[in-house]
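Participant: The lines below spell out each chain.
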Amino acid sequence: MSEQEIREGMLLAVWDEPPLDFDPDTLIRRVEQKKSRRRALVAVGVATAMIAVASFALPGLLPRDRESQLGSPTDTTASSTPPSLSVYGRQKKIGDALASRLQETRQDLKEIYPSFDGFRGTTFKPEAPLQPIRPDSDDMYGFLYFTDSIGPTALLVTMGDAVSTNDICGAGKPAFCRDVPQQDGTVVTEAEFQEGPERVKAVAMRRLPDGKRSVIISAYSHNPSTMTGYRQMIPVNVDVLTALVMDRAITWE
Amino acid sequence: MRKADEQGFREFAAANAASLRRTAYLFCGDWHTAEDLMQSSLMKMYLAWKRIKDLDNLIAYARKVLLRTWLDEKRRPWRRAEQRDGELPDAADASVDPDTTSAKLWARELVHTALLQVPPRQRAVLVLRYFEDLSVAEVAVAMGCTEGTVKSQTARGLATLRVIVEKLDSSSGRVAS
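Protein sequences, first through last, are from chains A and B. For the first sequence, the working numbering assigns the number 14 to the initial residue and increments by one for each residue that follows. For the second sequence, the working numbering assigns the number 992 to the initial residue and increments by one for each residue that follows.
Looking at chain B on its own, in the form it has when it is part of the complex (with noise of 0.2 Å):
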């Protein structure tokens, strides 16, 4: 590859890598495969950069190959037979104020619990158009697939995460709004 064309690349993944990570963190909900998700799209990308680099939207390419990434990792057999059916036991953190922080407590919940329990794909979904604040023609691009499924992968998510939701405030006494 050139000088000028790997500083490129550089700059780009520089400015980049984190927004990717937060991502993959909302997919798989794990930081450390999230940085593994992130690096692995970066090499995929680095790779392709030659044609690639001209591209008008890059970031939204860098999305579409994290979120093929992810689904390609989710089918490998050993990602198959990893079962999340165990609770983890709460641990009290004495130097954090529980008022100040129950929000952010709340939220992380959130993701862990009940976002990881949406499908995949309905996942993504939901992380584009919400986190990612992508449109539903933007995020049928970076899917692969049509507007009307994406809309309708949206509604079911939707659907999904709030039954899981209010199951979670049900059973820890908090009202969902």
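Just chain A, same shape as in the assembly (with noise of 0.2 Å):
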């Protein structure tokens, strides 16, 4: 076989061609295609490997666990450091307390339980942003839950300096404010609060023997845990935040 023969038999090789459909613009659109894709590729690679750079690097930045917030007013200790075990000791079982208390005191109430995170907001403004509290504190600050004819809702549990009498009465105005002195010597502040005709806040405020610090129990025509569930009336009167202010089984300092 000759190298010409080769080279015709080459040339009739593809004399069956089949018809050739190309369009240059669809090879470019194809191609530019790929670009873009590829450079959106390229980007989300970028884009991962920086945030996974940063949170490497930053790591106050990012939340650890549930306690830390960002963006929490507040010095970077207390936010960095949750409060100690003991302290979520102590808080449980008061809560605990607590919980039973108000069972016994009010047996229609239903799933009462307590709820001691470790923030605190303002003691009279619910509303106000939460701030951990600092590890070495005994302040508390937490919600007891129930539920009653009417719905969920939940009291106000605070400790912390002491408040005086003046700083519970003027709150609000107050349908009764009074200083109740109690058995074991120590005096509990009983208020109540009114707009119109209900009552929409009561207030039990004991100050400890040690005259340096108070525990407040409110309750309100809302739930001041979430601030909704707004109904007519407190859903308990003072006489029950007394008697919760008061437990024996209780050791608040």
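By construction, these hints were calculated from the structure, which means they are not laboratory data. Quick reminder that beta carbons are idealized off the backbone N, C-alpha and C, glycines included. A hint or two may mislead.
[What the hints assert, rightly or not] Taking lysine-lysine and the DSS-like style, the derived pairs with C-alpha atoms no more than 30 Å apart in a straight line are:
| id | chain 1 | residue 1 | chain 2 | residue 2 |
| --- | --- | --- | --- | --- |
| 1 | A | 225 | A | 106 |
| 2 | A | 186 | A | 105 |
| 3 | B | 1142 | B | 1055 |
| 4 | B | 1041 | B | 994 |
| 5 | B | 1065 | B | 1142 |
| 6 | B | 1065 | A | 47 |
| 7 | B | 1142 | A | 47 |
| 8 | A | 47 | B | 994 |
| 9 | B | 1035 | B | 994 |
| 10 | B | 1035 | A | 48 |
| 11 | A | 225 | A | 186 |
| 12 | B | 1035 | B | 1142 |
| 13 | A | 48 | B | 1041 |
| 14 | B | 1055 | A | 47 |
| 15 | B | 1044 | A | 47 |
| 16 | B | 994 | A | 48 |
| 17 | B | 1055 | B | 994 |
| 18 | B | 1044 | A | 48 |
| 19 | B | 1035 | B | 1065 |
| 20 | A | 123 | A | 106 |
| 21 | B | 1158 | A | 48 |
| 22 | A | 47 | B | 1035 |
| 23 | B | 1142 | A | 48 |
| 24 | B | 1158 | B | 1065 |
| 25 | B | 1055 | B | 1044 |
| 26 | B | 1055 | B | 1065 |
[Unchecked claim] Some chain A residues judged to face chain B by a derived CB distance under 7 Å, without partners named:
| id | residue |
| --- | --- |
| 27 | 19 |
| 28 | 20 |
| 29 | 26 |
| 30 | 27 |
| 31 | 35 |
| 32 | 37 |
| 33 | 40 |
| 34 | 44 |
Join the two chains into one complex using the hints; note that each chain is given alone, in its own frame.
Facilitator: Right under this line is the structure:
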């Protein structure tokens, strides 16, 4: 077989060539799509790498547990260190005692349980943003949840620096506000507030024997933990709150 | 890419797509694969068009890209796994006169059977030398090797092809010239 025959053979081999359906514009479009896909892929890769690097380099910026919150208006020591286990244990013990005492006092209430998660708001303004409680503090701020015939709601339970009777009485328009001496020598300030004919808030505040600390339990005509569930009347009156702050089973100090 | 450059590429692709596909067919022996190879080569050229548009011999560059694309494709695992060991049944075409087309059929047989049994690089040298009519120097550029390598690959490719064609002819009863 000569070289000429090979040459002719190859030329003949393509004689039955199928028609060519080739459009350069389609090809260009495909290339451009491929390019944009590749760019997008690179962009996603770079963004992922940057997020990964940032999360390792700036651990303080990302939440590591449920106690820390981004943008908390507080000092870093308090936000990065959750309350110690002993504080949790003490608060849980007090919360459980309050729940059982409330159940004894008001047997019609259901699903009673406490919640103290290491954060606090402003005592008289439950709608204020929460801030972490410092681990070395024995302050308390939490809720005693329950469900009555109207629906679920909660009492606000706080313990902190001593509060005066005037502070309590001046926080609204009181229907009454009085100091009631107790058998153990302490004094409980009782107050109920009203808007129009309805009682919208009840407060029982007990100054602890050292005189430096106060325990306050408040009932609202709404759920103070969610600022929802508005109702006409407060769910419990001030007598119940006084029974709670005065419960002998609870060691507040 | 600028409109003028894009138009230049469009014209080049439209003018050379058919000849590139024919060359690709002789490399691979399958029109579908040939079309894929041609399109892949042109896509690569489009991406590099800004850099290559002013080359003296663009079609030589295109052949080089086509050859590399085909050799790369052959190295892919799914291509490696492909075995052409089956025999296609002969089906007579009643609409075609056997006497007038025997030469063409024999040529097609030459490509499909004989040329495809030649090792890839030797096959590429034969196609570029005898189908594209390139000189030894041009084939060396396209293959990215020395002229001496082109000559030796050509000689080996021709020898292999002749042996295979002889075998085919003796099995089919045809006498090779």
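Participant: Find the hints from earlier in the document that the structure breaks and name them by number, from lowest to highest.
Facilitator: Result: hints 2, 7, 21, 23 break, sorted rising.
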